[in-house]
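The opening residue of the sequence shown carries number 1 in full-length UniProt numbering; numbering runs sequentially from there.
Note that these hints are calculated values from the structure, not bench results.
Beta carbons: idealized from backbone N, C-alpha and C, even for Gly.
Possibly wrong hints are sitting among the right ones.
[Stated by the list, open to error] Restraint-style ranges between C-beta atoms, simulated for each label pair:
#1 T43 / S112: 38 to 46 Å
#2 D102 / E186: 22 to 30 Å
#3 Q130 / R79: 36 to 44 Å
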Amino acid sequence: MNVLIRIKRYDPERDAKPYWDEFRVEADPIDRLLDALNTIKWTMDGTLTYRRSCAHGVCGSDAMRINGRNRLACKVLMRDVGNKVTIEPMLGYTVIKDLVVDMDRFFDKYRSIKPFLITHDNEPGTERLQSPAERARYDEGTKCILCGACTGSCPSIWGNPDWVGPASIVNAHRFIFDSRDQGAAERLQLLSRKDGVWRCRTIFNCSDACPRGIPVTDLIEEVKRAVVYGGPEDA
Numbered sequence: 001m002n003v004l005i006r007i008k009r010y011d012p013e014r015d016a017k018p019y020w021d022e023f024r025v026e027a028d029p030i031d032r033l034l035d036a037l038n039t040i041k042w043t044m045d046g047t048l049t050y051r052r053s054c055a056h057g058v059c060g061s062d063a064m065r066i067n068g069r070n071r072l073a074c075k076v077l078m079r080d081v082g083n084k085v086t087i088e089p090m091l092g093y094t095v096i097k098d099l100v101v102d103m104d105r106f107f108d109k110y111r112s113i114k115p116f117l118i119t120h121d122n123e124p125g126t127e128r129l130q131s132p133a134e135r136a137r138y139d140e141g142t143k144c145i146l147c148g149a150c151t152g153s154c155p156s157i158w159g160n161p162d163w164v165g166p167a168s169i170v171n172a173h174r175f176i177f178d179s180r181d182q183g184a185a186e187r188l189q190l191l192s193r194k195d196g197v198w199r200c201r202t203i204f205n206c207s208d209a210c211p212r213g214i215p216v217t218d219l220i221e222e223v224k225r226a227v228v229y230g231g232p233e234d235a
C-alpha cells in the first residue's frame with residue numbers, strides 16, 4: 001500500500017514555528033507505523049527525530065499523536081491508519097524536536113507520589129505474603145509503562161500543566177491499594193491538594209489513550225474515594 005504520511009515537525013533551534021512535512025511510503029498492511037517512520041528516517045530524511053526502543057509496546061518510548069489520538073507507533077498497524085496518516089507530538093508537553101517531547105515534568109510528577117513500597121515496621125524475617133485477591137486489587141496499575149499517552153491526552157493537563165496527571169495517580173493507586181504498603185496516608189494527603197486528584201474531570205480520554213488497556217479513569221475514581229474515606233479500605 002502507498003501511504004501519505006504527514007508529520008508535524010519543529011526544531012526550536014532552526015524553525016520559527018512548527019510546519020507540516022509529507023512523505024510517500026510503500027508499506028505492507030501489517031507493517032507497524034514505526035516501520036514506516038524508520039523507512040522515512042533511514043532512506044528519505046535522516047533529520048526526522050522520534051523516540052523508539054523495544055518496538056514491542058513495552059517500553060513506551062514511541063508515544064505520539066496519530067490521526068488525532070495518542071498511540072504507540074510500534075503497535076499501530078498500517079492497515080488501521082489507511083492511505084493517509086497524520087502524526088504529531090503529544091499535546092501538553094514541550095517539543096524538543098519533531099516528535100520528541102520533554103518528559104522531565106512528567107517524571108517529576110511521577111516521583112512526587114512516592115512510587116515505591118513504604119513500610120514502617122521492622123523488616124520481616126520472611127517475604128511479605130499476599131493472597132491472590134490482595135494482589136489482584138492493584139493489578140491494573142502495575143501495567144503502566146509510563147509512556148505519557150494518558151497524560152498527553154488530558155484536557156486538564158492542557159489547561160493546567162501543574163496538575164499531577166493521570167499516569168501519576170495510576171501509579172499512586174498501585175501502592176495505595178497494595179496490602180503490604182503503609183504509605184497510603186502520605187500519598188492521599190499529597191493527592192488531596194489543589195493540583196492533586198480533584199483536577200480530574202472524568203473525561204475518559206486517558207482510558208482511551210492507554211496502550212495497555214488500563215481503565216485509568218476508574219482507578220482515579222477509586223483514589224478519589226480513598227481520599228474521601230480516609231484510606232483504601234472502603235474505597
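Results for each hint:
1. T43 / S112: 38 to 46 Å: The hinted range 38 to 46 Å holds for T43 and S112, with Cβ atoms some 43 Å apart.
2. D102 / E186: 22 to 30 Å: holds (28 Å)
3. Q130 / R79: 36 to 44 Å: holds (42 Å)
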